[in-house]
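Protein sequences, first through last, are from chains H and W.
In terms of my numbering, the first sequence opens at residue 34 and continues consecutively.
In terms of my numbering, the second sequence opens at residue 34 and continues consecutively.
A couple of the hints might just be wrong.
Claimed, not checked - Across the chosen pairs, the derived CB separations fall in these ranges:
| no. | chain 1 | residue 1 | chain 2 | residue 2 | range |
| --- | --- | --- | --- | --- | --- |
| 1 | H | Asn238 | W | His136 | 34 to 44 Å |
| 2 | H | Gln291 | W | Lys294 | 22 to 32 Å |
| 3 | W | His139 | H | Thr290 | 25 to 35 Å |
| 4 | H | Ser205 | W | His136 | 55 to 65 Å |
| 5 | W | Val288 | H | Ala342 | 52 to 62 Å |
| 6 | W | Arg206 | H | Ser192 | 47 to 57 Å |
| 7 | H | Phe354 | W | Val189 | 40 to 50 Å |
| 8 | W | Glu360 | H | Gly153 | 24 to 34 Å |
| 9 | W | Glu360 | H | Leu165 | 19 to 29 Å |
| 10 | H | Gln291 | W | Thr56 | 32 to 42 Å |
| 11 | W | Glu360 | H | Pro57 | 26 to 36 Å |
No wet-lab data here; the hints were simulated from the structure.
Quick reminder that beta carbons are idealized off the backbone N, C-alpha and C, glycines included.
There are 2 protein chains.
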Amino acid sequence: MPGGSPEAYSQLEGMLVQIAAQTPSGPCVTWVGHGSAGHYVKMVHNGIEYAIMQLISEIYSVLKFGSLSNVEIAEIFEEWNEGELKSFLIEITAVVLRKKDEHSDHSLVDLILDKAKQKGTGMWTSQSAMDLNVPIPLIDTAVTMRFLSARKEERVQASSLYNIEHDSPSYSREKLIQLCKQSMLFGMLLSYGQGLDLLNQASANYKYEINISEVIRIWKGGCIIRSGLLDELQEVYTRNMSLKNILLSDNYVDVFTQTRKSVIELINYAMHHGVPVPCISSALNYFDAYRSAELSSNLIQAQRDYFGAHTYERKDMPGTFHSNWEEK
Amino acid sequence: MPGGSPEAYSQLEGMLVQIAAQTPSGPCVTWVGHGSAGHYVKMVHNGIEYAIMQLISEIYSVLKFGSLSNVEIAEIFEEWNEGELKSFLIEITAVVLRKKDEHSDHSLVDLILDKAKQKGTGMWTSQSAMDLNVPIPLIDTAVTMRFLSARKEERVQASSLYNIEHDSPSYSREKLIQLCKQSMLFGMLLSYGQGLDLLNQASANYKYEINISEVIRIWKGGCIIRSGLLDELQEVYTRNMSLKNILLSDNYVDVFTQTRKSVIELINYAMHHGVPVPCISSALNYFDAYRSAELSSNLIQAQRDYFGAHTYERKDMPGTFHSNWEEK
Numbered sequence: 034m035p036g037g038s039p040e041a042y043s044q045l046e047g048m049l050v051q052i053a054a055q056t057p058s059g060p061c062v063t064w065v066g067h068g069s070a071g072h073y074v075k076m077v078h079n080g081i082e083y084a085i086m087q088l089i090s091e092i093y094s095v096l097k098f099g100s101l102s103n104v105e106i107a108e109i110f111e112e113w114n115e116g117e118l119k120s121f122l123i124e125i126t127a128v129v130l131r132k133k134d135e136h137s138d139h140s141l142v143d144l145i146l147d148k149a150k151q152k153g154t155g156m157w158t159s160q161s162a163m164d165l166n167v168p169i170p171l172i173d174t175a176v177t178m179r180f181l182s183a184r185k186e187e188r189v190q191a192s193s194l195y196n197i198e199h200d201s202p203s204y205s206r207e208k209l210i211q212l213c214k215q216s217m218l219f220g221m222l223l224s225y226g227q228g229l230d231l232l233n234q235a236s237a238n239y240k241y242e243i244n245i246s247e248v249i250r251i252w253k254g255g256c257i258i259r260s261g262l263l264d265e266l267q268e269v270y271t272r273n274m275s276l277k278n279i280l281l282s283d284n285y286v287d288v289f290t291q292t293r294k295s296v297i298e299l300i301n302y303a304m305h306h307g308v309p310v311p312c313i314s315s316a317l318n319y320f321d322a323y324r325s326a327e328l329s330s331n332l333i334q335a336q337r338d339y340f341g342a343h344t345y346e347r348k349d350m351p352g353t354f355h356s357n358w359e360e361k
Numbered sequence: 034m035p036g037g038s039p040e041a042y043s044q045l046e047g048m049l050v051q052i053a054a055q056t057p058s059g060p061c062v063t064w065v066g067h068g069s070a071g072h073y074v075k076m077v078h079n080g081i082e083y084a085i086m087q088l089i090s091e092i093y094s095v096l097k098f099g100s101l102s103n104v105e106i107a108e109i110f111e112e113w114n115e116g117e118l119k120s121f122l123i124e125i126t127a128v129v130l131r132k133k134d135e136h137s138d139h140s141l142v143d144l145i146l147d148k149a150k151q152k153g154t155g156m157w158t159s160q161s162a163m164d165l166n167v168p169i170p171l172i173d174t175a176v177t178m179r180f181l182s183a184r185k186e187e188r189v190q191a192s193s194l195y196n197i198e199h200d201s202p203s204y205s206r207e208k209l210i211q212l213c214k215q216s217m218l219f220g221m222l223l224s225y226g227q228g229l230d231l232l233n234q235a236s237a238n239y240k241y242e243i244n245i246s247e248v249i250r251i252w253k254g255g256c257i258i259r260s261g262l263l264d265e266l267q268e269v270y271t272r273n274m275s276l277k278n279i280l281l282s283d284n285y286v287d288v289f290t291q292t293r294k295s296v297i298e299l300i301n302y303a304m305h306h307g308v309p310v311p312c313i314s315s316a317l318n319y320f321d322a323y324r325s326a327e328l329s330s331n332l333i334q335a336q337r338d339y340f341g342a343h344t345y346e347r348k349d350m351p352g353t354f355h356s357n358w359e360e361k
């Protein structure tokens with residue numbers, strides 16, 4: 034086993050489930066870091082899990098709206114699971130969608146109440162990220178959607194109040210599936226990216242000394258977020274231990290640039306038809322904000338200085354400034 | 034003054050700023066509720082403030098992308114401030130946009146660094162909402178965007194890696210302004226709605242016994258989120274003290290239904306041109322999810338039962354169930 038004291042291992046209880054798994058990169062166990070690092074890594078793992086599950090559920094709802102049956106959607110997920118989207122969550126979704134109810138000839142998933150529950154780990158990830166000022170909107174959105182799903186009675190009541198007209202666009206089945214696949218890839222990569230960004234910041238803040246590459250390695254087998262995408266991601270972090278965000282790696286520029294177009298088309302389709310895709314939308318907005326050298330947050334700083342004298346910094350000179358905004 | 038002990042008033046320190054304000058509905062002071070209710074209400078006030086400020090900054094960035102100058106955008110905000118969007122934040126935004134730098138002939142706002150800071154109250158609102166399982170994605174998104182704005186150096190680096198092609202749609206200036214106005218109204222109403230939903234739940238959970246109508250009344254003057262929209266909102270909550278969500282009030286069905294179309298067109302414009310509109314997108318997705326009798330969260334429950342035996346409920350019979358999903 035790699036270095037690390039027994040005490041450190043004992044802090045890994047949350048990750049014991051991974052210990053048995055073996056991958057071509059070795060057994061899925063490692064010394065994660067000092068103090069509570071093992072627990073923190075497991076918590077962030079679960080946050081990423083929430084985001085990927087919400088993304089899959091959005092893709093499922095779009096395909097369902099596109100008149101595909103559960104078995105047809107299962108076939109699509111099975112096909113995806115043979116390619117770059119190969120992952121435990123895509124794999125089990127196909128199995129879930131094929132499962133028949135034992136009391137009827139319905140798909141079992143169609144009979145399950147659409148209130149998603151949670152044990153709290155996704156929520157803790159979001160709350161901790163806020164404490165550390167790290168933007169992880171995909172995870173936040175997935176957590177919030179679980180809360181919103183629980184408001185079943187209110188949703189039923191609201192559904193009777195609002196009639197949404199469906200209009201264009203209408204895509205061929207092949208195109209819709211392609212848009213879904215590209216959006217899944219875009220969102221899944223950013224789910225990992227946001228989670229790893231948080232781990233980086235938490236490691237620095239709490240002095241965990243987490244080796245991100247090692248964390249990715251142990252996520253490659255035995256755990257819920259394991260996927261083929263982690264192979265390249267581990268290589269990227271092994272080469273550049275100080276990478277701040279997946280979006281700053283040359284490896285991913287092409288894939289994000291190319292899939293972004295499909296994400297836009299998918300969101301356009303979904304919103305015109307009233308199908309909520311909050312995580313996919315959140316992924317696009319995060320991407321577009323992160324790659325914006327200039328955001329409109331200068332206006333927010335000006336407003337804060339206006340009403341609270343919170344001061345602002347300038348682009349053209351150092352220092353901290355306050356203005357009397359009402360003075361002409 | 035309305036009822037309430039001196040002890041209760043002493044808990045209102047966070048709201049003292051409002052005490053002097055007078056409105057046609059009376060002085061902006063009230064007994065908010067038991068225990069820490071006053072602080073909680075002030076915190077949620079600030080959460081709503083974050084959301085509205087982020088919405089305004091997104092509208093500003095869309096209009097700026099549409100080639101409008103700061104003075105032209107100021108004129109638009111001034112016009113809006115004469116109508117249903119009349120509000121302190123819209124009003125001061127116009128003043129901010131007209132302010133000239135004292136060292137040059139630039140607009141001062143253009144020289145302000147686009148890193149939005151924060152004192153923590155918006156973040157506490159989001160974290161508390163998560164503890165209470167209340168979905169307030171507009172506030173979460175506004176908080177997260179402040180964090181993301183602070184990553185200036187990373188954003189500059191990412192901007193050199195990603196080239197986004199701009200394509201259709203292209204709208205006339207009049208249409209773009211109209212879409213912005215409708216989107217502002219849609220988002221602003223939901224910002225209040227999500228904040229009040231949180232207050233409702235917090236009041237029940239912490240036994241604050243908050244009178245939501247009274248809270249809205251004292252927000253009508255002297256505070257940062259004061260606006261003309263609060264008049265109708267107060268009436269709505271006065272008539273129906275137990276209203277769970279703004280989207281369940283007959284009063285707002287028409288306005289949400291009508292403005293939603295513009296929100297879609299605005300998001301479509303923004304995403305095709307690479308302008309991030311995370312709060313506006315979040316508002317639309319919240320709306321569409323809230324008014325969905327059926328969400329795809331049944332799939333999430335099935336996945337959770339598959340990998341963690343977390344069980345699920347059924348639509349067609351009471352009880353708690355677990356399945357062996359791999360069994361044919």
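So, going through the hints one by one against the coordinates:
| no. | hint | verdict |
| --- | --- | --- |
| 1 | H:Asn238 / W:His136: 34 to 44 Å | 38 Å, holds |
| 2 | H:Gln291 / W:Lys294: 22 to 32 Å | 30 Å, holds |
| 3 | W:His139 / H:Thr290: 25 to 35 Å | 33 Å, holds |
| 4 | H:Ser205 / W:His136: 55 to 65 Å | 58 Å, holds |
| 5 | W:Val288 / H:Ala342: 52 to 62 Å | 35 Å, violated |
| 6 | W:Arg206 / H:Ser192: 47 to 57 Å | 37 Å, violated |
| 7 | H:Phe354 / W:Val189: 40 to 50 Å | 21 Å, violated |
| 8 | W:Glu360 / H:Gly153: 24 to 34 Å | 30 Å, holds |
| 9 | W:Glu360 / H:Leu165: 19 to 29 Å | 43 Å, violated |
| 10 | H:Gln291 / W:Thr56: 32 to 42 Å | 54 Å, violated |
| 11 | W:Glu360 / H:Pro57: 26 to 36 Å | 30 Å, holds |
The structure shown violates the earlier hints numbered 5, 6, 7, 9 and 10.
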